[in-house]
Amino acid sequence: MAQEDHEREMSQNLLLALDSITKRFGDLIANKDVSLDLHAGEIVALLGENGAGKTTLMNILFGHYVAEEGAVRVRGWNGDMHVLEPGAPHAALDAGIGMVHQHFTLAENLSGLENIVLGTESLWAMRFSRSKARAKLESLMEASGLEVDLDVRVSRLAVGERQRVEILKALYRDARILVLDEPTAVLTPQESESLFATLKKLSSQGLGIIFISHKMAEVLGHSDRVAVLRSGEIVADLATSICDRQMLADLMVGHSVEAVQRTPGNPGKPLLVLDKVSAGEGREALDHVSLTLRRGEIIGLAGVSGNGQSTLQQLISGLIPATSGTLKLEGKPLPAKASAAIRQGVARIPEDRHHDGIVGSMSVASNLVIEEIRRPAYQRFGLLRYGAIKRRAEAAIKAYDIRCPGAKARARLLSGGNIQKIVLARTLDQHPALVLAAQPSRGLDVGATAEVHRRLLEARDRGAGVLLISEDLDELFQLSDRIAVIHRGHLSEPIRTEELDKSSVGLMMAGHELKKEEAA
Amino acid sequence: MIRFEPREHVSSTYAFLVPVIAGIAALALAAIPISAAGADVQGAFIAMAKGAFGSPFAISELLARATPLILTGLAASIAFKAKLWNIGAEGQLYVGALAAVAVGSGAIAAPPYIMIPLIIAAGMMAGGTLMLVPTLLKTKLGADEVVTTLLLNFVVLLFVQMMLEGPMKDPMGMGWPQSEPISAAATLPKMFPRLRVHWGLVIALVSALIVFIIMTRSVWGFEIRATGENVSAARHAGIPVTATYVKVGLLSGALAGLAGVSEVAGLKGYLTADLSPGFGYTGIVVAMLAGLSPLGVVAAAIFIAAVFVGADSMSRAMGVSNYIADLIVALSLLCVLVSGLFVRFKVRFVRPKLPKKKEAEEF
Chain V
0 MAQEDHEREM SQNLLLALDS ITKRFGDLIA NKDVSLDLHA GEIVALLGEN
50 GAGKTTLMNI LFGHYVAEEG AVRVRGWNGD MHVLEPGAPH AALDAGIGMV
100 HQHFTLAENL SGLENIVLGT ESLWAMRFSR SKARAKLESL MEASGLEVDL
150 DVRVSRLAVG ERQRVEILKA LYRDARILVL DEPTAVLTPQ ESESLFATLK
200 KLSSQGLGII FISHKMAEVL GHSDRVAVLR SGEIVADLAT SICDRQMLAD
250 LMVGHSVEAV QRTPGNPGKP LLVLDKVSAG EGREALDHVS LTLRRGEIIG
300 LAGVSGNGQS TLQQLISGLI PATSGTLKLE GKPLPAKASA AIRQGVARIP
350 EDRHHDGIVG SMSVASNLVI EEIRRPAYQR FGLLRYGAIK RRAEAAIKAY
400 DIRCPGAKAR ARLLSGGNIQ KIVLARTLDQ HPALVLAAQP SRGLDVGATA
450 EVHRRLLEAR DRGAGVLLIS EDLDELFQLS DRIAVIHRGH LSEPIRTEEL
500 DKSSVGLMMA GHELKKEEAA
Chain G
0 MIRFEPREHV SSTYAFLVPV IAGIAALALA AIPISAAGAD VQGAFIAMAK
50 GAFGSPFAIS ELLARATPLI LTGLAASIAF KAKLWNIGAE GQLYVGALAA
100 VAVGSGAIAA PPYIMIPLII AAGMMAGGTL MLVPTLLKTK LGADEVVTTL
150 LLNFVVLLFV QMMLEGPMKD PMGMGWPQSE PISAAATLPK MFPRLRVHWG
200 LVIALVSALI VFIIMTRSVW GFEIRATGEN VSAARHAGIP VTATYVKVGL
250 LSGALAGLAG VSEVAGLKGY LTADLSPGFG YTGIVVAMLA GLSPLGVVAA
300 AIFIAAVFVG ADSMSRAMGV SNYIADLIVA LSLLCVLVSG LFVRFKVRFV
350 RPKLPKKKEA EEF
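First to last, the sequence lines map onto chains V and G.
Using numbering that gives the first Met the number 0, the final residue of the first sequence is 519, and nothing's skipped along the way.
Using numbering that gives the first Met the number 0, the final residue of the second sequence is 362, and nothing's skipped along the way.
Among the clues, some could well be false.
Derived coverage of chain G by chain V (criterion: at least 3 residues anywhere in the stretch with Cβ under 8 Å from a Cβ of chain V; other residues may be distant) [what the hints assert, rightly or not]:
| hint | segment |
| --- | --- |
| 1 | 235-247 |
| 2 | 322-332 |
Per the computed footprint, the stretches of chain V lying under chain G, defined by three or more beta-carbons under 8 Å from a beta-carbon of chain G, are [claimed, not checked]:
| hint | segment |
| --- | --- |
| 3 | 87-95 |
| 4 | 366-373 |
With a straight-line Cα cutoff of 25 Å, these simulated BS3-like cross-link-like pairs (lysine-lysine) come out [as the list claims (entries may be wrong)]:
| hint | chain 1 | residue 1 | chain 2 | residue 2 |
| --- | --- | --- | --- | --- |
| 5 | G | 189 | V | 336 |
| 6 | V | 336 | G | 49 |
| 7 | V | 407 | G | 168 |
| 8 | V | 31 | G | 345 |
| 9 | V | 407 | G | 82 |
| 10 | G | 189 | G | 49 |
To be clear, the hints were calculated from the coordinates, so they are not data collected in a lab.
Owing to the predicted nature of the structure, the values given are computational and were not obtained by experimental measurement.
Where a beta carbon is used, it is the ideal one built from N, C-alpha and C, also for glycine.
Put together the whole structure using the sequences plus the hints.
What follows is the structure, encoded as structure tokens:
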């Protein structure tokens, strides 16, 4: 009797219930008998490695996928729980479910206000209701603390601001349930903190919030309850207060994981020398950047996104030319040609692996050999040697543990971690002199991140120079022998990691000059 | 209510069946205008089938009509595969024909084994060079090739008319704006006596096979596919993207130019400004119907040619305007585009389910 009462009380503020959801993709079971509920005023973290089925589950909730078994129930506006129509995003929207995707779904050429109102108003009414929309949004911004300039075009907004627009979009549509897919993957630590402050505020106003993550720190710090997904199954659904880091890590991976330990590097002769290089234009322009990277060392490049990192990356990748200054690899000038950069031994791990790293509709095998396709090993008289390509692919799939249905599978079907393994395999196996790794572990889970870190250190120990561009300070301190900071296109002198601490790097990222005595 | 669900896997049988169904659907839809024209629908379709396949003569006409469509279809399919939107096959076909006439109508006297390769080379070079212009405008200046290739068609057609009224006008042509005839040595021979189908068909089939090998087996094809699917990743991986576009442009233009050579040297014998009834544009339909597959282009070209030839014959027999052929071709393009939706999405018909009181109480 007491139990029933308890359940009734619980169900009073129950907002959402996923009942025994099962979803298959061919032979792969993405979700297996998953049940999860969400109450008003609660922040639930959905924790799991990449490929554990978190995103699939949320896509079912949002009607992008249809589950083979199970149902989604949501509290209707009349107060009753009812089954959400499967496969109908508009039904989810109407029921007050708002989703903030990992890859934002904003129209870049429209302002924040237009993006938010888009799809909620008839085209003809747009102009008419602008002021009303603005008034509603301003009160929402005040209530939630989400400050953003609504009149600026989205293309000019920083990533964190775009995310705020996404959240406002959901709130504008009267969302009572907010789902965020890897919300901090693209944010700086400070931005992440302010995001979680906002989420806390929203939940205290009665919203139910689910955020998907694989970062233990934010799960432990900012959720009320944590559900752990592993291989498509919920393996734990616990109050966060009784969890600790090790326990969650073990639950998530299924076995214990060790973080990669850096041993001191053994720097050799100069490898990559940038001498007063300027390149690019606008906000991301590089301004007289000088840097010397030696063989056998990792230089970490810290900085808030958009301060010239992507220009530097494109420059060293051979995609854009320097407008002034010289760029030399082992004393030889590095031409602005991607194929030449590859030939001279530059391995490039691109920042946006989906966009620049792989051709999604081509096979895993094709993506593994794409950089070397013209080598005699893979072609004879211009005709592809499919046997050699297949052997190479199978070897790489084994050596790098790329989880895929086979060498012929389309690369797009793989998880982020496995896509990154494709990129690692095809670049590092060429025994490069220089490894340019841009955000190499962004969006990856613990296991995949450790794998990336291990491979980078391995390359360094083999004598390669590694330039690691990252927004993750933990990663930079964990791997780098020296750390330099980029701010508005200016690059600071690299300083030995042992002589630095995170707060001073944080200050430099914000544009403060580091005084010599502080560094020493 | 109709609901669309994205498919996770598209089976190859399905990808093959869909254009076939689209073709049949287009024919079925054509029944409406045919009956509206007052003709007997069943009789009309029988007349069409007979007109296209009913006799050696009909089949010869069908294959003669399919020949340029295979080539322009290949031109479109290879370009579209690289996402280089060449809408200018019509113009490239005309410059190809013009070059063939310039070389092959008596300026050079040589035996056929020299003349035929020569006019083929001239036509392909002309077509390729014409396509090079919009390709370079795209790679160097970012000019939209849809606009430039399309507009070049009109420039070329006017240029051809000017040539036919002026320097290349046949002095023996009784004042008609037509070129001098292709010399006997440069003429593509007929394959069978008294039938119009000519060796251009073999050239087209061999071209399809070569393009198939290039696209699936060669480094070029690999680079073309990678560039078309994700230009940014291709560039990043060191694939020479600009060079790939240029290669594709040259090849696509050359194939369309070859269609012009084949028409002028195999069928018409001389160049007029109405050499092509829109083969360049129809080639786009052929390529889309074929799902951009080079071998599929052959089948699609034969289907479209059958529609044209069959409808021509049907219109004579039944007194229905032969515009019905254009209508069916247009319908099949629409059906293919719609069927693309069916390949990518599962379509389910469901009754809208309203949340009922009873259901809510169950939980």
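* Mind taking a look at whether chain V covers the segment 235-247 of chain G? Criterion is 3 or more residues with CB to CB distance under 8 Å. => Three-residue rule met by the segment 235-247 of chain G, so holds; n is 5.
* **Satisfaction of hint between residue 82(G) and residue 407(V), Cα-Cα up to 25 Å** => holds (23 Å)
* Asked: Are the Cα positions of residue 407(V) and residue 168(G) separated by 25 Å at most?
  -> violated (57 Å)
* Asked: Mind checking, does the segment 87-95 of chain V have 3 or more residues with a CB under 8 Å from chain G?
  -> Since three or more residues must qualify, the claim that chain G covers the segment 87-95 of chain V is violated, with 1 doing so at under 8 Å.
* Is the Cα-Cα distance between residue 189(G) and residue 49(G) 25 Å or less? -> The hint holds at about 23 Å.
* Mind checking, does the segment 366-373 of chain V have 3 or more residues with a CB under 8 Å from chain G? -> It holds, with 4 qualifying residues against the three required.
* Hinted pair residue 189(G) and residue 336(V), Cα distance within 25 Å -> Measuring from Cα to Cα gives roughly 51 Å; hence the hint is violated.
* To do: Given the hint that residue 336(V) pairs with residue 49(G), test it: the Cα-Cα distance must not exceed 25 Å.
  => violated (59 Å)
* **Coverage claim, chain V over the segment 322-332 of chain G, checked by counting residues with Cβ within 8 Å (three needed)** => Coverage by chain V is violated here, the residue count being 0 at a Cβ distance below 8 Å.
* Asked: Is it true that the CA of residue 31(V) sits at most 25 Å from the CA of residue 345(G)?
  -> holds (23 Å)
Hint check: violations occur at hints 2, 3, 5, 6, 7; the rest are consistent with the structure.
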